[in-house]
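2 protein chains.
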Amino acid sequence: MTTMTPLSARSIAAEIEAGRLSPQAALDQCQRAIAEHEEEIRVFSCLAKDWQPGSGPLSGVAIGVKDIFDTYDLPTSYGSPIYEGHQPVVDSALVTMLRQAGATIAGKTVTTEFAWFEPGPTRNPHNLEYSPGGSSSGSAAGVAAGFFPAAVGTQTGGSIVRPAAFCGVAGYKPSYRLFPSIGMKHFSQLLDTIGFFAAQVADAAFVAAACSGRDLSVDERNTAPPRIGVYRSSIDHLMEGEMVDALEVLAKQAEESGAVVAEVSPVPEVEAARQAHAPIQDFEAAATLADERRRHPLQLSDRLRDHLNAAARITPQTYDDARRIANRGRKASRDLFENCDVLLTASAPGVAPKTLASTGDSSFNRLWTLLGLPCVNVPGLTANNGLPLGAQIIAPFGQDKQALQAAHWLETVIRQKRLD
Amino acid sequence: MTTMTPLSARSIAAEIEAGRLSPQAALDQCQRAIAEHEEEIRVFSCLAKDWQPGSGPLSGVAIGVKDIFDTYDLPTSYGSPIYEGHQPVVDSALVTMLRQAGATIAGKTVTTEFAWFEPGPTRNPHNLEYSPGGSSSGSAAGVAAGFFPAAVGTQTGGSIVRPAAFCGVAGYKPSYRLFPSIGMKHFSQLLDTIGFFAAQVADAAFVAAACSGRDLSVDERNTAPPRIGVYRSSIDHLMEGEMVDALEVLAKQAEESGAVVAEVSPVPEVEAARQAHAPIQDFEAAATLADERRRHPLQLSDRLRDHLNAAARITPQTYDDARRIANRGRKASRDLFENCDVLLTASAPGVAPKTLASTGDSSFNRLWTLLGLPCVNVPGLTANNGLPLGAQIIAPFGQDKQALQAAHWLETVIRQKRLD
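Respectively, the protein sequence lines represent chains A and B.
Everything in the first sequence is counted per this note's numbering, starting at 12 for the first residue and increasing by one.
Everything in the second sequence is counted per this note's numbering, starting at 12 for the first residue and increasing by one.
One thing to keep in mind: the hints can contain errors.
All copies of an identical chain are treated as equivalent in the list; a pair is satisfied when it fits inside any one copy or across any two copies.
[Claimed, not checked] Straight-line distance between alpha carbons at most 20 Å, and here's what the computed SDA-like set of lysine to any residue pairs gives:
id, residue 1, residue 2
1, K342, G409
2, K342, D331
3, K428, G269
4, K342, V275
Treat the hints as calculated values from the structure; they're not laboratory data.
Generate coordinates for the entire structure from the input sequences, incorporating the hints supplied.
Structure (structure tokens):
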């Protein structure tokens with residue numbers, strides 16, 4: 012067990028603004044943590060050599076960039092030997108947005124192969140024998156280890172919320188296409204969603220707001236208790252006992268702290284949409300990685316090659332049907348929020364799996380990715396073995412600030428109760 | 012005036028299937044036309060050296076690929092000096108689909124700068140003093156000149172239907188995201204749509220069906236006369252006199268040939284959506300080309316640089332509002348088809364402009380691109396100066412086959428009436 016601590020992006024920015032910290036000193040702090048622990052955690056596929064602070068709201072804030080985003084000054088290999096040493100001509104849109112806000116790109120972080128399931132070398136900072144989750148493995152682990160205060164990643168199934176949960180940090184998956192996917196390597200265009208990791212929810216909101224100019228910041232003072240719907244669904248039996256208990260206690264604590272908490276029953280069209288995720292993802296992945304499969308099959312992992320070979324047999328009719336089912340689910344998802352602001356579910360079945368060969372189960376994330384709804388992993392819960400457990404907050408489409416505010420409020424409740 | 016003739020992809024495939032033509036001989040025919048006329052038409056940004064026939068339904072069919080699509084074996088420069096000599100690692104999804112269907116990539120065709128307005132060197136095969144239209148300039152001109160029987164392009168405003176109209180060939184802009192945009196250089200992700208050029212409508216349908224496995228083929232025998240709605244809109248005053256007359260005659264001829272023809276009045280939410288195109292396109296372009304603007308401003312054309320500088324000041328709020336207006340327009344667009352199968356409008360205000368400095372006006376295309384509806388340019392009409400005029404057929408979202416069948420039927424009517 013190491014003694015790494017996540018760094019708050021908001022605190023760093025506030026210290027710099029107040030003149031108590033220089034941007035360079037803020038970056039130096041990150042570089043020291045990396046020098047000390049990178050060998051054991053293995054966060055980076057490529058560490059940037061030259062760390063210069065920029066100017067803007069993110070000056071002095073180092074950002075880990077999942078190696079699925081193009082960078083003009085760092086090789087980008089999408090977790091695949093096919094792209095070993097590949098050097099893009101320009102930055103992805105998100106990376107330019109971060110640079111323009113003054114952020115320093117710390118380096119490219121380990122992703123699973125093409126952001127699917129074949130893991131990279133990253134280990135969980137809370138316990139090196141455990142998975143950090145995936146596919147945004149390095150981004151989540153790097154924030155948890157204090158290598159950088161924030162990071163960016165992508166989610167096609169559960170690749171932001173799940174690793175955030177396993178690593179005990181905040182993970183924010185925005186509404187579908189709130190952030191541009193230009194210059195990222197796609198797996199499934201209709202599902203791939205860009206998002207953020209940070210120490211706490213308000214830090215993730217701060218970085219997302221700073222680089223986009225969107226009204227996403229969470230205000231400490233004005234956050235009223237939300238109306239929380241505890242979502243009971245057909246997959247609840249997948250939760251481990253500790254997760255069931257933790258969510259129950261959390262709902263009770265939220266109620267004690269002023270939230271309105273009620274159960275929300277499944278909406279049939281929403282539950283039906285679960286089955287649409289796989290055919291959409293796989294049909295699109297077969298097209299997206301068609302040339303890699305055609306010309307470089309032996310440089311794909313066995314499981315991805317087998318998966319794509321099967322995916323290439325999915326018919327357009329099956330895909331179109333799945334899209335219709337997904338669209339019906341999206342429309343019906345509004346009914347989930349009739350009597351609540353946000354839903355509360357597990358971020359994952361339980362803690363991280365005790366293996367580096369699997370990045371865990373995305374069952375609690377795929378549906379929400381498909382529906383395009385904003386999701387936030389709320390950190391702070393802990394299992395008996397000391398590993399983090401994640402609670403997931405979900406809001407209606409486009410209501411990202413509502414998701415972030417409710418998640419921040421809940422995070423504060425967890426912290427208060429821990430201190431009590 | 013030259014004597015180039017478009018080649019029918021369907022006829023080539025049928026001749027090959029019947030054993031009367033070898034795939035290599037079909038390709039040789041194209042190469043002869045290129046050798047004779049490329050110097051004056053200027054279709055290619057890069058001509059492929061090695062033309063090998065593949066195997067599959069498109070064996071022997073040469074395809075021009077707009078230089079906005081990545082190709083692993085040909086440099087891809089997106090019409091911009093920033094990418095001069097740029098060599099992508101893998102093919103775009105569409106190019107792999109074409110290769111897997113047996114097509115031969117003839118080369119990369121001239122695009123305007125990043126598929127926006129700054130023209131390339133291509134000239135109109137019908138008269139070299141006139142624009143071929145844009146942004147898919149080389150793809151449209153190359154089909155018209157008989158350099159290849161089919162080509163692929165993209166449309167963000169009117170970049171397929173308009174050059175097809177100006178060059179007198181069929182242009183098919185599919186429903187939004189029917190074909191994957193993976194590996195193309197985006198300008199506006201929410202608008203960029205991939206499509207096809209060919210000699211006649213049935214040829215475009217044949218190529219689209221062959222590479223996608225979708226049921227898009229147009230059957231000569233079973234095409235019944237469609238119910239045609241003549242769309243009267245707020246921009247009809249932009250049409251030149253000859254275009255107004257040509258559409259009127261065409262509607263009459265369609266009626267005489269058995270179609271039900273009636274006027275369709277504007278739907279307010281649809282007309283309101285016209286104003287949403289510019290903020291969506293420009294806000295997204297500012298993000299899409301952010302790094303090019305940041306690090307290579309002097310390698311952008313003056314008008315694109317100025318345009319992007321202004322675009323970068325559009326607020327997320329303005330963009331979000333425009334997306335809401337567009338969504339309302341999409342929903343309301345169903346009402347247009349209450350009493351008809353397809354709409355008939357002009358493809359452009361008139362014939363191609365007599366200049367190589369402008370690619371013409373996309374006013375008759377932008378709304379339909381924004382709404383995501385399938386559009387087809389029907390070739391065959393001619394102005395008094397001998398240049399082509401284009402009629403546009405529009406169908407409901409997802410009803411691509413309906414659009415292609417109606418367009419094919421109308422094209423047959425035009426041909427019959429010419430012969431009469």
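Results for each hint:
1. Proximity of K342 and G409 under a CA criterion of 20 Å is satisfied in both settings, with 13 Å inside one chain copy and 18 Å between copies.
2. Proximity of K342 to D331 under the C-alpha cut-off of 20 Å is found in both arrangements, the shortest distances being 17 Å within a copy and 19 Å between copies.
3. Proximity of K428 and G269 under a CA criterion of 20 Å is satisfied intra-copy only: 14 Å inside one chain copy versus 77 Å between copies.
4. Taking the closest pair of Cα atoms, K342 and V275 come within 20 Å of each other only inside a single copy of the chain (17 Å); across copies the shortest separation is 29 Å, beyond that limit.
Of the hints listed earlier, there is not a single one the structure fails to meet.
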